[in-house]
Every structure is written in C-alpha cells, then in structure tokens.
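Fit chain W to the known structure of chain G by using the hints.
Protein chains: 2
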Amino acid sequence: MKPYALGIVGTGLIGGSMAIDLRRRGFAGSVLGVEADPVAAAAAEKLGIVDRVVPLEECVRESDIILVAVPVSAAIVVIGSVLDLFDKEGYTDKIVMDVCSTKEKLAQSVLYHPCRKQLVLTHPMAGTEYSGPWAAIPNLFDGRACILADTEESHPRAVAVAQAMYETLNMHPTYMRSSSHDVHTAYVSHLSHVLSFALALTVLDKEKDEKHIFDLASGGFSSTVRLAKSGANMWVPILLQNRDNVIQVLDTYRDKLKSFRQALEDYDEPKVRELIEDANRIKKIIR
Amino acid sequence: MKPYALGIVGTGLIGGSMAIDLRRRGFAGSVLGVEADPVAAAAAEKLGIVDRVVPLEECVRESDIILVAVPVSAAIVVIGSVLDLFDKEGYTDKIVMDVCSTKEKLAQSVLYHPCRKQLVLTHPMAGTEYSGPWAAIPNLFDGRACILADTEESHPRAVAVAQAMYETLNMHPTYMRSSSHDVHTAYVSHLSHVLSFALALTVLDKEKDEKHIFDLASGGFSSTVRLAKSGANMWVPILLQNRDNVIQVLDTYRDKLKSFRQALEDYDEPKVRELIEDANRIKKIIR
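From first to last, the protein sequence lines are chains G and W.
If you're matching positions, the first sequence starts at 8 in my numbering and goes up one per residue.
If you're matching positions, the second sequence starts at 8 in my numbering and goes up one per residue.
The shape of chain G in the complex, shown without the other chains (with noise of 0.2 Å):
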C-alpha cells in the first residue's frame, strides 16, 4: 500500500509524536508541518518531524490526510478552515482529524458543514506533562485507548484511514459520542490534571522552605503533583471548553474531600478506614 502524504498543523508533542511513528511505520510517506510558532517550526524541521513547515493552503493541497494537533481553542478555527478549503477547492478525497481532548464544542461547530463526512473527531489518550516538539516521541500511544466519537457523522471510509492510522499506532479504539467523551474525558483526565494544580498551588502557599519539599518530596507526591506541570495553553481552553462537566466533578469530588475532613475532624476511626478501603476498589480497575 503507497503511504500516505500527511500534513501535521501544530509540530507539538502530540502531532510530533505521531509524525514520527507514522512515518518510520510506513503509514505516512512526506510530512507536511504547519507551524505558527517561528521556534517551534525551526524546531520541527531541524528535528526532522517534518520535510517542512508551510502555509495552511498549501499543506492541505498537498496531504491525503490532515491531522489538526493544536489546543482545542485554535483547533475549531483551524478545523473549520481545512473543511472549507476542502469545500472551495473540490477535495473530496482528503480528510481531516483532530486530537483534541474536548469533543462537544467542536463537533457542534462543524455540524451543518458541508464537508463534515471528510473531518473524524479522534482523541489519543496519551501524553506527557512537557510540550513542543521538543517533547515529541517514538512510542507515545503504543497501548494506550483512543476515541472516535461521532463516527456515524464521518464518511465510512474517513474512519477507516483513521482506524487505521491508529492501528498503526498500536492503539485501541473506543466509539462514543462527543457529549459522553467530554463526561469522561471530566472524570478521568481533566479532574486529574485540576487536582493536581490545586496541590502545587497549595504546597507552593505554604511551603515558605522550598528546600524542604524538594528534600521531602517522595514518590507519592511526585507522581500526584507532576500534572501540575502541564501548560496553560494547552489547559486553559479544554478547561474552559469543558467547563460545565468540569465543574459538576469539581464539586463530587469536593463532597468525598468533605467526608474524609468530617471523618478525621471526628476522630472517626471506623469511616476513615471505610473511605480507604472503598478509594482500594481502584485496584481492580486500575493495573
């Protein structure tokens, strides 16, 4: 099977990531970047990410397949655009794909358009805490889930160059829509990264020796607090796009944090040893 011409708009972690695996697996053959970022696209080109950085147009004239790795604020713009272009120019063979980590705002956004069959909405759930592509990596998604949501709004054969794309990724895939990929995605991944710059902000308020957390800090800590680490330009706007399902786990999250305070403050011994022993169930669920 030729490979395919790829176009990556956003050489960050996450386009990085999967230009490099897509290429050297035999998926993708040129790779066209664009980059808004005079570093960044130096960056990607001197790292070899992409042949070369160029203008939106022309990688889409270009590539069979565009994949959309910007945060999710500019990816509805960005979207749009390469669906238009598809419009104008009569490219009905190509398609596009975003990544983002929010779904719902996005899809209502492309709902009526008249190219909507040629964009799959996709979500690789894998990432580190770092960004650029600098950051970017063989192996990221080897293992781990993806979504496609919406699938029956894309064209049949849209999702299957998706589909296999990420199998050449070596990653599985889950179907959902994009209102329940938003829910989840609150739970298991936004919830996390909230908590987590709650505790830095909460260690670095209060900890005046910051000699002393970094001599203390064990793997405990770390492991919670490394999300903390994550940009803002990349959280801020799946944050605020996702507000509302945030918001409504922010506060069941703050009624279990109310339990185990009304425990301790009781001096509760049995309950606190209830809360730990239902939190354990996690176990199960977890490897």
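Please note that the accuracy of each hint is not assured.
Identical chains share a label here; the pair holds if one copy fits it or two copies do between them.
[Claimed, not checked] As a list, the in silico DSBU-like pairs of lysine-lysine whose alpha-carbon atoms are at most 35 Å apart:
id, residue 1, residue 2
1, Lys53, Lys291
2, Lys112, Lys213
3, Lys236, Lys278
4, Lys290, Lys213
5, Lys278, Lys265
6, Lys112, Lys265
7, Lys101, Lys112
8, Lys112, Lys278
Keep in mind that the hints were calculated from the coordinates and are not lab data.
Then chain W, alone, in the frame of chain G:
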C-alpha cells in the same frame, strides 16, 4: 567493622526492604524478625528477608539494633515495650529506631522514659503503594531523603549508628523537630494520599461503566490515583495521628480548589491561566 545483629519488628514493605539492603550491603549480619501476622511471618522467612521470626523479647535480646516498622498506632506501643525491656534488662548499648510517617505523638509518648536516649526517631521517605513482605524490594531507599527527628533527645552514639545505617541505604539525612516533621509530611505526603483516595471515590462513584474508566485512564489519571491503592492499616493511623495538620492542609487545598472552580464558573480565562501558571512553578522545585 563487625556487622550488626539486626532485629526487624514488622516484616512488611519498609522493614523488609531495609533488611534486604542492610544485609547484602554488609551493615547487618543476622536479621531476626517479629511479625504478628502468621502468613506474613512465614513469607518473611521463606523469602529470606529474616533468618527467623521470634518473639519480641528474644529479638531485643539477640539484636544490637531494633527497627520498628509497624503502623504508627502499633509503633507507639512496641517502642514503649522495647524501651521497657532495655530498662528492665539493663541493655544500655542497644538502639531502637522507628520509621514512622508521624512523629509528634510518638515523641511525646517516650519523652520521660529513662531509656529515651537509646531511641532514634527516623523516617525514611520512600515506599510504594504495596505492602507486606512480598512487596519488599532492594534499592527502595537509594537517593531518597530520610528525616531524623529530635536527635538532641538521643545519645550521640545512637544517632551516629542511625546515620551510618541510612548512609548504607544511600539516603540523604535531614534533621528537624518532630512537630515540624508532621507539618511537612502533611503537605508533601499525607495530603497527596487523601486527594488520591478522594479521586478514586469520585470516579468509582460516578462511572458506573467501569470498562470506560479502564479504557480511558491515561497516564495522568493513573499517576494521580496510584496512591489510592495504599492500604488502610497503614493510612488510618497516620491520618488520625496527624489529624490537626492534615485538616489544616485540607482546608488550604479546599480554598485553592474553590478558586479554580470560581474561575471556571466565571469563564475567567486570565484567572484560569494565572492559576495554572502559578502551579507550574512546581517545575522549579520537583525534578
């Protein structure tokens, strides 16, 4: 230098892992164990973590150093018994150490004991979310911090032996008062555990379809929820003994979470960005 005869009261993750490294690195010759749970006792012998499991009196009689590595509530009782034996039998050269995650209540309980100087309060800051002799592993402590608390209450020779022991385990010693210890660990360890327990409870409560949690749980969620696997036998006494500090830290945390929620509620993009960028300062402190 002649290796020490080591006694381990509690042959679990911490005691067992210490015994493994102290023996293979030549600090300890013989290792006797005291273990209340018969299954753990049999495993500790079978795994070669201890030479034999014996009653406490025999362990104290035959050992130069007694390491008490049981949950903090039990440790107060055991340390009292060991010091009483020192007193009663005239064991003036033996040393006992605890490895507890909370210190102030323990320190108070022995403050006026005639053999107080033979006790060194220590807290090796390392661990995993597993427990029992089957969880004991080599190299658990390498490169981590170890707190020695209230060393001015211990005999200089006893402190020197503790220092040599933790040097053998490749730990960095940090010195502080037991009251400071409990404040610091509330921030960098106990809070993380409570947050993780509450996260597990939140997700388990809401996500009825457990398959989806498993599918979608990315690295971020796994690392934040990892501590929720930690056992109640260890954590109930820690949280109750350090209750006042933990409650105070939880209240600060609740306020941080409230700021986040309010910024989302208000759709206040600059404020969300400010909170995240503030939290990002943790990068400078945590490797």
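Results for each hint:
Proximity of Lys53 to Lys291 under the C-alpha cut-off of 35 Å is restricted to the inter-copy arrangement: shortest distance 28 Å between copies versus 45 Å within a copy. In this assembly of identical chains, the alpha carbons of Lys112 and Lys213 lie at most 35 Å apart only when taken from different copies (23 Å versus 38 Å within one copy). With identical chains, the CA atoms of Lys236 and Lys278 are at most 35 Å apart both within one copy (34 Å) and between copies (17 Å). Taking the closest pair of Cα atoms, Lys290 and Lys213 come within 35 Å of each other both inside a single copy (32 Å) and across two copies (16 Å).
Taking CA atoms no more than 35 Å apart as the test, Lys278 paired with Lys265 passes in both settings, with 13 Å inside one copy and 25 Å between copies. In this homomeric assembly, Lys112 and Lys265 come within 35 Å of each other (Cα to Cα) both inside a single copy, at 32 Å, and across copies, at 25 Å. Proximity of Lys101 and Lys112 under a CA criterion of 35 Å is satisfied intra-copy only: 23 Å inside one chain copy versus 69 Å between copies. In this assembly of identical chains, the alpha carbons of Lys112 and Lys278 lie at most 35 Å apart only when taken from different copies (22 Å versus 41 Å within one copy).
Violated hints are absent here; each numbered hint is respected by the structure.
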